[in-house]
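Enquirer: Protein chains in written order, with numbering that gives the first Met the number 0: chain V, 0 to 453; chain F, 0 to 103; chain A, 0 to 459.
Please keep in mind that the hints were generated in silico from the structure rather than gathered at the bench.
Given the structure is predicted, the values throughout are model-derived calculations rather than measurements.
Keep in mind that the hints are not guaranteed to be accurate.
Keeping only pairs whose Cα atoms sit at most 25 Å apart, straight-line, the calculated DSS-like set for lysine-lysine is [stated by the list, open to error]:
#1 35/F with 246/A
#2 131/V with 68/F
#3 35/F with 340/A
#4 433/V with 446/V
#5 428/V with 440/V
#6 223/V with 141/V
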Amino acid sequence: MTNTTTNYSLICGLEVHAELKTASKMFCGCKNDPFHAPEPNIYTCPVCLGLPGGLPVANQKAIEWTLKLGLALGCKVNLFSKFDRKHYFYPDLPKGYQISQYDLPFCHDGQLETSFGPVRICRIHLEEDTGKLQHKTVDGQKVTLIDFNRSSVPLIEVVTEPDIISAAQAKEYGKKLRQIMRYLEIADCDMEQGGMRLEANISLTQNQNAVVENDLPSYKVEVKNINSFRFLEQAIEFETQRQALVLLDGQTPAQETRGWDSVHNTTYPQRTKEDAEDYRYFPDPDLPPIRFTESEVERLRVELPELPATLIQRWQTDWGIDPKYTALLIEEKAIAQAFDTLFAAAQKKQIDPNKVANFLANKKITYTLGDSVDTVLAAFGSIADVAALDTTELDPIIEAVLSEFPTETAAYRAGKIPLINFLIGQTMKKLGKKVEVSQVKNRLELKLSRSYHS
Amino acid sequence: MSKSGFTPQLVHHIAQLAQLTLSSTEEVSISQDFVKTIEVVARMSELNTTAVAPTHQVTGLENVWRADKVDEKRMFTQAEALANAAKTAAGFFVVPQVIDQKDI
Amino acid sequence: MLHTLTLKQALDQIKRKEITASEVWADTQSAIENENKALNIYLTLNEKSAAETAMMSDKPLAGLPIAVKDNYATQGLRTTASSTLLDSFVPTYDATVIAKLKAAGGVISGKTNLDAWAHGSSTETSQYGRTLNPLNPDYLPGGSSGGSAAAVAANLCIAALGTETAGSIRQPAAWCGVVGLKPTYGRFSRSGIVAMASSTDSPGPITKTVEDAAIMFNHLAGHDPYDSTTSTQTVPDLTKSLGQEIKGLKIGVMYLDLPEMTELKKFYEPTLKELERLGAEVELTGSLDPHHAISVYTVIQRAEVSSNLGRYDGVRFGHDRSYFGAEAKRRIMLGTYTLSKGHADQYYHQAQKVRTLFQQDYARLFEKYDILITPTSPGFAKKIGSSEGAAMFGELEDMLIEPSSVTGLPGINVPCFRDPETNLFLGLNIMAPMWREDLVIRVADAYERATTWNTWRKND
């Protein structure tokens, strides 16, 4: 997207964090259910509470799911990998360091297709979540309350290259990534619960080929605290305008972290970015490294379910379904799977699946998980037998009916509204084919209205 | 590294990273200790390590992990979790309000 | 006087119903009441000892009193790591080794003093005052497990638990004239123990005899699903290595030719002769200069310490970071520095590479020798006050042991000389390849039986 008045192009990369829905936490056996916990601090142990002597033990499933996401996004898998300690102090970080991955993430160099072009995935790594803070006033004192139910929940982080060129593309990327994680059944990505969090790295350039030429701007602004796709779009748009103004003024926007204020629809400065931070990464001595073989990775790849992109292709090939219908119908995997059964049945009954898809997409027929195939196809049939009808065919027939039945026509015009049904019936009879009643009715009413001049 | 390498600014910066508060006497004495320690430690650079990989762990273990199961018996009750905290309220740990609101 | 029995003697007499564990505890408790104040060995006593002892008669350790270094989390019993930051910390959980101790029927007599946070080789940096060497109270007991070693030496327990990061079991054992076994890294679980240097910390027993150490090892070693760095190697029955000959074993002697050892060398010559008399082939050998191990150990340890002490922020337990003492601050600062941007490569990553060099050196040596021995400490116990103001007291004191600690090798200290004037001891450090505690016990036990340095064996 170029701001046409200023010729600045957006350079944007996204970092998405998603909580994995494993039964237990990343480095201990505590229950992983922070959002629904009835009380604070009831799913903790020496490990996730950072007590003396607590030691991490990695959740195998979380690791496998991370690899699966990487494979689903076409990433390469690092066959040798490890966990590193990332050091900083904050009350929600009980050990004073977060166990994360530094230079050997599980996955790297993948890609997600959008309608605006591909977005390259730089890396995918696995780390642990922090506790949750709440700011309150207790007994007149401003305090922060801490709940560690969320501490050490597995968190997957997906980082893109700065390939995103518009707010719309950012949103599409986010939605598609969410959909893939839901299809893999590794994360619910409920943004309101914090199950998926977005951060955007935003800068502007006048070089439209900046990314290809590796001529990136000297600064970038990290925008955090975005918890909906709408806010993501708004934040990107706001930042684009804000940064353009700074640049037009001959200045460079400060390299900083900003938060999104959804009340005022603005970003605001939080703290200066990375240069001041020194995370002092080193390999976590409490966790042995991880080594996969090619065949183990293959085993995981084989377990991948059919993903949206493949589904769209296959429905086109197998059922002749227009991709624009598919995109609307496959938001949820369970429903998409049910539709597959439906389309197979339709095809068997010599019903065009694409038509069925059309009706579903346009909500002419509805489907709820559990509905039987026969019910849905019957509903389809009752509407679909209806022939197409246009006004050049319909109008002369209506004229003929009105002149054949002047008494009823006059009576309707005088106020006897129920007579419309008689006139509809006569029109339908004259038409001689099954048509949509509502279409006939609407046209008749129009023709019969006093204000109508044919 | 000469004494001048360990400037008060450097010592102060390290103390900030480590979240330690040092008195000015401590800053001086630690800065002197640094010098002595670095002198000893620098002998390491005499060795040729170009052909050598680092050893982060001596056990040679790999792929140590656990099944995704909840360990009910190890989980604390809320009371146990809070048992040693200086300040709690309604089941939460309490600290003076943190200014830098980074969180979601 | 039952508190002067060894673990094995007490167990045998209990089995023969000549005594009960409660009687042992009664004598031990008396001794503690008389001597603990002056020696400052125990920081916290277990008020429930008598009651717990009575319940353990059918278990292997029969309810005998075991002193525990105060860096092991003990449920319901204050755990301070000799720091004031943790002066009121009462864990709601047990360290794995403690759970195993209890399952085996050991009863905690109390928590013993250490260098605060295990940072040291003297027990002088404890924020609860130093512990005195029971053999001669003008001298230090060594550290960091000084309290546990002193407890054993003073018969204020039947056996004790310590931890070693680089010398902290073996050196105080040497200075107190007792046995200290540091198992292979990964043999004992570190879960529930205040972490110092995660890649070298090893819990282990401090005991009156080698046999006692073997018994304790059998009950406490083993894989722990709560500690990812523990091995699934089968735990050997170390009592099977007792009473064995050492004929034909090849023993390499390290470090006796160092300039620092000139004065001490003569005290070790009889030891070498004794080993030869027992049939071993004993030979002095060169090795990678242990001074480099000081660098490696100092950097790796302090870096990991600075990281491991990050959790002590006063939010969930304990006091805030202003409670750290001078030594802890020193180590955290240096550790943070060696991990910081622009310095990590030169220090931390370089140290990890030099560690590899030491591993290679030991691999080479163990191709030639079955066992390696060194003096445990470059000298007798030092006078009280010696550690004060010394920037690297601990790391320098432990130079002879650090190479084996950073590489994870098992080792044991046995007393090998006593100075009749000072009553102070020298110790012999016996090392074997990874997982070969059986060899370590075999040689140590043979030496102990053949000589008279062991205070308790004289009763046999």
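Enquirer: Check the structure against each numbered hint from earlier and tell me which ones fail, lowest number first.
Expert: Violated hint: only 1; rest satisfied.
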